[in-house]
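Order-wise, the sequence lines are chains P and E.
Using our numbering, read the first sequence as starting at 18 and increasing by one per residue.
Using our numbering, read the second sequence as starting at 4 and increasing by one per residue.
Treat the hints as calculated values from the structure; they're not laboratory data.
The C-beta atom is built at its ideal place from N, Cα and C for all residues, glycine as well.
Be aware that one or more of the hints could be misleading.
As the list claims (entries may be wrong) - Listed next, the in silico DMTMM-like pairs over lysine to aspartate or glutamate satisfying Cα-Cα at most 20 Å (straight line): (1) P:527 - P:565; (2) E:286 - P:256; (3) E:280 - P:180; (4) P:142 - P:82; (5) E:258 - E:238; (6) P:35 - P:256; (7) P:412 - E:49; (8) E:280 - P:173; (9) E:280 - P:399.
What the hints assert, rightly or not - Covered by chain E, per the in silico footprint, the following chain P stretches (three or more residues, Cβ under 8 Å): (10) 248-259; (11) 263-269; (12) 375-382; (13) 464-472; (14) 568-578.
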Amino acid sequence: MKEVTIGIGGAAGDGLDKAGDALAKTAARLGLYLYAYNSYQSVIRGGHIWLRLRVAEEKVYSHGDHLNVLMALNQDSIERHAREVEPGGAVVFNADKLHCDAVLLPDGVVPVPLPVTELAKAAGKLQPVMQNTIALGAVLFLLGLDFEMAGGVLRDTFLYKGEAIVDQNVRLARAGYDYARQAFVPLDYSWNFSRSRRLFVTGNEAISLGAVAAGCKFYSAYPMTPASAILHWMASHGERCGVVVKQCEDELAVVNMAVGAGHAGVRAMCGTSGGGFALMTEAIGQAGMMEVPVVIVEVQRGGPSTGIPTKTEQGDLNQVFGASQGDYPRVILAPADVTDSFWTTVEAFNLAEKYQLPVIIISDLLLSEHPETVEADAFSHDVPIERGELVTEWKGQGPFKRYAFTPSGISPRALPGTEGAVYVAATDEHDEEGILISDVFTSAPVRRKIMEKRMKKLEALRKELAPPKLEGPREAEVTLIGWGSTRGVIREAVAQLAAEGIPSNQLHFKVLFPFHAEEALAILKTSKRTVSVEANQTGQFARHLRAETGFTVDHQILKYDGEPFEPQHIVHQVKAILDGRARSLDVTADEAREMAYHYIRSHLGEDVRPGQIAQSDGDGLAEPVWLVEIVSRDGGEKRGELRIGVETGSTYTWHPAVS
Amino acid sequence: MATVIELPLDVFQGLAEPDWCPGCGDFGVLKAVKMAASKLGIQPKDLLLVSGIGCSSNLPGFMHAYGVHSLHGRAVAVASGAKLANHDLNVVITGGDGDGYGIGIGHFIHAMRRNLDLTYVVMNNQIYGLTTGQASPTTMKTMRTKSTPRGNVELPVNPIALALVSGATYVARGFSGEPNHMADLIAGGIAHRGFALVDVFSPCVTYNKLNTYPWFKQRVYKLEALPGYDPADAESALQKSFEWGDKIPLGLFFKDEQPTYEDSEPALKQGPLVRQKLGLDRKLFESLVDELI
């Protein structure tokens, strides 16, 4: 398969997102497939932002494990990522500001220094971020992408700033393109542009679109990364789509307003991340108790506590399972990809109303924030809308029993305002009519039967929801088990393993509660060797699987450094498992370099970078260490040495070089 | 304006009888809420009572009207969501001082600055009753309670002043010893377009032996009886809100006409959300999708 991965590195504020977006949209409009991932930090200016765009002629399911072209917007990006560029690739940078030491460049990688000041002259007075557009033009040429298409994208991107800015950007891109054509040979890519119409869309956008298509009329949220993009989308489209969008004072208000709106009869949704969800839990139990339909989106980021706000993790599973005190029915769905995020949201609203309960959609930063191409018909306005048992009037049928005990556990629901069906919904335990049994009228048997009534709803739910299915060859050495957003990357790992002669398959879980224990167990029992793959530290899903089925997975592949899985992470570990090699928690050389960067930027300033890295026995320390040479950025001369513990990861004393 | 047809009070007779202690101030509030609804001709089906948790929050269960007996401190948030979903409903929040001025004070303040068209009746007994007598956010300083055996060291919240500075557009105080007067204040609050606070002295006869019926009866007077008092004047309202001691004012402190939140919400221009069509037509959906290309 023909593909290329472009990495754009810079600091927050460098205007990296616009350049990346223009490149991505150009490729997408040409009919290529994309998957992008932006590794960023919780800062408005500065830090290190690393955007990878994987472009291919066929559908790709992760940002992959390659780097072919580096577009560096600052010196850090050259030093950190030039070494990762594969032979045949290029490093594109502003030669007036940045330099690329030959030692940093792998063999077969072309440096593409751009005389930006000179090239920009034609375009008049510039904002510094516009330099990116020159680099964009050069990259378009190197990759053999169509310039006219990029011009159109730039036009759409900057039109809101006026014609002058559009023209300026197009001229700059042209200057970069023409300069590259004159000074460099294109890289070895020739594409078949299908020019098929596809969407370039994130998980959060898909959730938002799914919600409005399903008739969501109320969305509440408190700003919290990585769920905020849903709030932004809803806020900017609420009027057109007839949605009341409410930013609230806290997540307590967020979820309780959504419950109030759901109770009054509109399709209501709210969104947050782990910390906000923690505040919401009592009210999710409230929705369970009062049998109110409501959809709650939990977009996970790295926890616990404030954690790593802009990094991905699947660490909130225990929290979502444990939300609220007591036993109550609810649904927990983990969409697998962007397209699935749309349809899962539609399904969530239908389940919430049909079964009169809270439905939790658990996503994560990777899924919610990464954009990828999906087919133009992946989404539709024509979605099923099933509202369940709604009573529109109640006359002459005896007293209205909002919580009538029925064989299905589902009771007739009336909205406030309905003639003849007046009732009180209470979070205190109550009887069929809603009369409290918590105070004067205590009743043990009513308590027992209403608990059973509510939980009974799970039986039909489990039947309605799709059970997990094995993907890939039935006969396999390894069954990889995952949930939520890892489906795509596991799929690619399965393909890579197959290419290396290791047959594997995937058992992916989207429905986390109610759980299809029997169906899962039937598959797992026939698996030769099971490996769960999760982006958390303790294997929360594997534990859930064991609790529900009694089945213990053979091995676990766990990642919790905040960066998403790449296929090779899984492939390497599967091979290690098959070889009987134990998983090592030692710091790798690459990690030692990143740790050195962290030390340099927090203690030593801007004029040095890591140089050679070697392992030593520890030199009197209690563990072996990585000796990281610290060199000057301009000349490369040694400035000192850092020792980083191979086992503990501790950064030991900084030793300046003696001059 | 359409003619208001008063309803008989027994239309609002609930399924369950109140289980409050004999003599509880909340009986007066229950009666006043019924009288207010009856006076305004609001059918039980068009009234949504939202409460939190506490003795007074049991009120919706004792009245025939739609009700949500929600979580402790969350009544205002639940009511806000319900009102935005169906603004044809008359939404009245009924709760206590612990619920509204303690655990739920954040929602209280924000709902007022939004000027949602809600009426909030707070049965303020200056004590936690249901949990058997701990200090509440409005317990007077130095008062001994189960949780403050050496006397309360915190200043009480001043709900009237708080409401005035938070943007409430109808601020009143009633007293359970004067149910007819209170009913007029609640009716005024429901009729008012915007956020209405009716703080009510509703004595707890079991756990608050300081702020009793006689204690209030000796002190309260009505602002209406004060010559020249003008509820349109925010400054004098604020001044009066600090009056506490030998004389304590009841009545309407402040009233102002301002656009409600619902007025400025574009999605509500077509009428209540609950009556709007679900889903999107193809043309609109495709225009949304086009933004992603």
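Check: How does the coverage statement for the region 263-269 of chain P fare against chain E, requiring three or more residues with Cβ below 8 Å from a Cβ of that chain?
Finding: With 5 residues in contact (Cβ-Cβ under 8 Å with chain E), the coverage given for the region 263-269 of chain P holds.
Note to self: Need the status of pair residue 280 of chain E, residue 180 of chain P: alpha-carbon distance at most 20 Å?
What the structure shows: With a Cα-Cα distance of about 39 Å, the restraint between residue 280 of chain E and residue 180 of chain P is violated, given a limit of 20 Å.
Item checked: Hinted pair residue 280 of chain E and residue 173 of chain P, Cα distance within 20 Å -> With a Cα-Cα distance of about 33 Å, the restraint between residue 280 of chain E and residue 173 of chain P is violated, given a limit of 20 Å.
Next item on the list: Given the hint that residue 412 of chain P pairs with residue 49 of chain E, test it: the Cα-Cα distance must not exceed 20 Å.
Entry: holds, 17 Å
Margin query: Is the coverage entry for the region 464-472 of chain P by chain E consistent with the three-residue Cβ rule at 8 Å?
Written below: violated (count 0)
Check: Mind checking, does the region 248-259 of chain P have 3 or more residues with a CB under 8 Å from chain E?
Finding: As far as the region 248-259 of chain P goes, the hint holds, because 6 residues have Cβ atoms under 8 Å from chain E.
Next item on the list: Compare the distance between the alpha carbons of residue 258 of chain E and residue 238 of chain E with 20 Å, and conclude whether the hinted pair is satisfied.
Entry: OK: residue 258 of chain E and residue 238 of chain E at ~12 Å, within 20 Å.
Next item on the list: Given that the region 375-382 of chain P was listed as covered by chain E, double-check it with a C-beta distance under 8 Å for 3 or more residues.
Entry: violated (count 0)
Notebook entry, point to check: Taking 20 Å as the top limit, are the C-alpha atoms of residue 286 of chain E and residue 256 of chain P close enough?
Noted result: Given pair residue 286 of chain E, residue 256 of chain P holds - Cα atoms ~15 Å apart, limit 20 Å.
Margin query: What's the verdict on residue 527 of chain P and residue 565 of chain P, does the C-alpha distance respect the 20 Å limit or exceed it?
Written below: holds, 15 Å
Notebook entry, point to check: If you draw a straight line from the CA of residue 280 of chain E to the CA of residue 399 of chain P, is it 20 Å or shorter?
Noted result: holds, 14 Å
Next item on the list: Go check the region 568-578 of chain P versus chain E for me, would you? Three or more residues, Cβ under 8 Å, otherwise it fails.
Entry: Violated, because only 0 residues of the region 568-578 of chain P bring their Cβ atoms closer than 8 Å to Cβ atoms of chain E.
Violation of the numbered hints given earlier is confined to hints 3, 4, 6, 8, 12, 13, 14; the remaining hints are satisfied by the structure.
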